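Take a look at the letters that make up each chain.
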Amino acid sequence: MTLMQSQLEAVRTRLQPHFLFNTLNSVAVLIKENPGQAHDTINDLSDLLRHVLKNMENQFSEVQKEFEFIKKYLAIEQIRFGPRLEIKIDYPAHLKHFLIPSLLLQPLVENAVQYGVAKNPGKGYIEIKAHEDKQMLIFQICNNGHLNAPKNPESGLGLKITKERLQSLYRSAYQFNLDEISDGRIQALIEIPVIDEVVQ
Amino acid sequence: MIRALIADDEPLGRKAIDQLLTFHKDIQVIARCEDGISAIEKIEQLQPDLVFLDIQMPGLDGFEVINQLQLNPPPLIIFVTAYDSFALKAFQAHAVDYLLKPLKEEQFLKALQRARQLIQAKDNADYLMQLQKLLADVSQKTDFIRHLLVREKNKLLLVKLDSINIFKANNDYVEIIGTHEKYLIRETLKKLEQKLDPQYFVRINRSMILRKSMINKLQSISKGDYRILLSNNQSFKLSRKYRQKVFDSLKQ
Chain R
0 MTLMQSQLEA VRTRLQPHFL FNTLNSVAVL IKENPGQAHD TINDLSDLLR HVLKNMENQF
60 SEVQKEFEFI KKYLAIEQIR FGPRLEIKID YPAHLKHFLI PSLLLQPLVE NAVQYGVAKN
120 PGKGYIEIKA HEDKQMLIFQ ICNNGHLNAP KNPESGLGLK ITKERLQSLY RSAYQFNLDE
180 ISDGRIQALI EIPVIDEVVQ
Chain H
0 MIRALIADDE PLGRKAIDQL LTFHKDIQVI ARCEDGISAI EKIEQLQPDL VFLDIQMPGL
60 DGFEVINQLQ LNPPPLIIFV TAYDSFALKA FQAHAVDYLL KPLKEEQFLK ALQRARQLIQ
120 AKDNADYLMQ LQKLLADVSQ KTDFIRHLLV REKNKLLLVK LDSINIFKAN NDYVEIIGTH
180 EKYLIRETLK KLEQKLDPQY FVRINRSMIL RKSMINKLQS ISKGDYRILL SNNQSFKLSR
240 KYRQKVFDSL KQ
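So the sequences go chain by chain: R and H. Just so you know, the first sequence maps onto residues 0 to 199 in numbering that gives the first Met the number 0. Just so you know, the second sequence maps onto residues 0 to 251 in numbering that gives the first Met the number 0.
It should be emphasised that the hints constitute simulated quantities derived from the structure, not laboratory data. Each hint should be verified, as a subset may be incorrect.
Stated by the list, open to error - Computed, partial: chain R to chain H, Cβ under 10 Å:
| no. | residue |
| --- | --- |
| 1 | 17 |
| 2 | 26 |
| 3 | 82 |
| 4 | 145 |
Computed from a predicted structure; not experimentally measured. Ideal Cβ positions, reconstructed from N, Cα and C, are used throughout, including at glycine.
Take the sequences, apply the hints, and build the full model.
In structure tokens form, the structure reads like this:
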């Protein structure tokens with residue numbers, strides 16, 4: 000394993016401690032208030048951890064699995080933030096089995112939660128979409144917030160890792176932008192080539 | 000009866016404390032707040048004896064909440080955090096009570112017991128001193144601010160720095176001037192300067208800090224004196240003391 004790979008693994012396996020402990024705190028409350036939801040949350044959390052562990056070895060995983068992962072991650076965030084967090088996820092069924100770098104979207108979604116909800120009082124929304132166009136896979140992650148806020152080292156790290164990862168996998172055959180596409184609406188956009196088969 | 004307030008942005012975070020307080024009939028929760036601003040408003044309005052204060056909250060965090068409180072003496076604070084290695088060190092260094100999430104009953108009881116004693120004791124000077132030192136320690140190491148708390152009549156406003164271009168000293172106050180708005184806060188320019196990100200702001204003389212992107216050109220007047228011209232045609236004196244700093248800062 001090269002140095003860069005090992006750094007990537009280290010970051011990829013790192014579901015933020017803040018997220019983990021807050022989730023455990025929520026579960027502790029739910030056990031008394033709503034045992035069914037406590038049960039579901041523990042299952043979601045286990046699936047998240049399992050997906051992260053499993054993908055320490057794999058560079059790529061299927062779109063469907065990545066989106067399942069994101070959905071579970073956001074389900075937990077929704078329990079934490081309640082009605083403050085509005086989530087929309089949408090991708091066409093034919094993309095299900097396409098391969099993409101594993102856990103590629105995770106740091107960006109985490110940033111979206113951080114900036115769209117955790118740091119802004121009031122309601123926050125997150126919208127995640129995917130589509131295919133001319134042999135390219137396009138992912139859009141949108142959230143409310145402003146871009147020109149001073150950078151937070153954590154978010155800087157998430158963006159840096161994503162960029163380095165894309166560069167090492169696709170050289171220059173990719174696009175990655177983070178923009179405020181309209182007032183108060185931030186979008187992270189990733190375009191990567193469609194790949195049919197990967198030798199893992 | 001001890002009057003307590005809970006501030007946490009996560010509903011289940013607030014509930015966790017409610018649950019643990021169920022059997023402590025001497026403590027009555029008088030308000031629950033979900034962000035820093037409403038915490039300040041409620042604390043000042045209701046003057047609780049005890050506050051359970053989560054550190055990570057949107058807008059203003061827990062430390063900023065205490066910093067901005069205009070209440071003397073402040074209520075007794077029990078800090079709550081999920082994970083923050085920096086804050087934990089500060090709590091331990093200053094022997095200030097804190098709770099880690101997930102909350103443990105034993106830790107909770109201990110903090111509560113100490114709170115009861117401090118509230119009953121007439122003299123809590125030691126506690127206030129610890130809290131002061133903690134805040135001083137924390138504010139030294141925290142990030143640059145992204146917003147300012149403004150008090151207007153009976154209203155609190157959180158003003159985003161994005162829209163602010165000029166900070167002008169005015170006795171014990173600083174005027175905060177944006178494109179369409181103007182506010183006044185009680186603060187010194189020196190203290191404010193330390194909290195502003197030098198990537199965006201620069202001090203140009205004894206009484207003014209400017210947003211760097213507003214600066215259009217520097218005009219030499221005579222013998223090394225300069226005027227700063229803004230894109231909206233306003234101009235200000237660049238004092239010699241700050242000249243080199245401004246030059247260096249604009250090169251970045």
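(request) Closer than 10 Å between Cβ atoms is the bar; does residue 82 (chain R) clear it against chain H? Give me holds or violated. (result) holds, 9 Å
(request) Double-check residue 26 (chain R) for me: the hint is only fine if its C-beta lies closer than 10 Å to a C-beta in chain H. (result) Given a least distance of 8 Å, the restraint on residue 26 (chain R) holds.
(message) Under 10 Å is the threshold here; is the Cβ of residue 145 (chain R) close enough to any Cβ of chain H for the hint to stand?
(response) Holds - the Cβ of residue 145 (chain R) comes within 10 Å of chain H, reaching about 6 Å at its closest.
(message) So, as I understand it, the hint says residue 17 (chain R) touches chain H; can you test that by seeing if any CB pair is closer than 10 Å?
(response) Hint holds; residue 17 (chain R) Cβ to chain H Cβ min 5 Å, cut 10 Å.
Hint violations for this structure: none, all hints satisfied.
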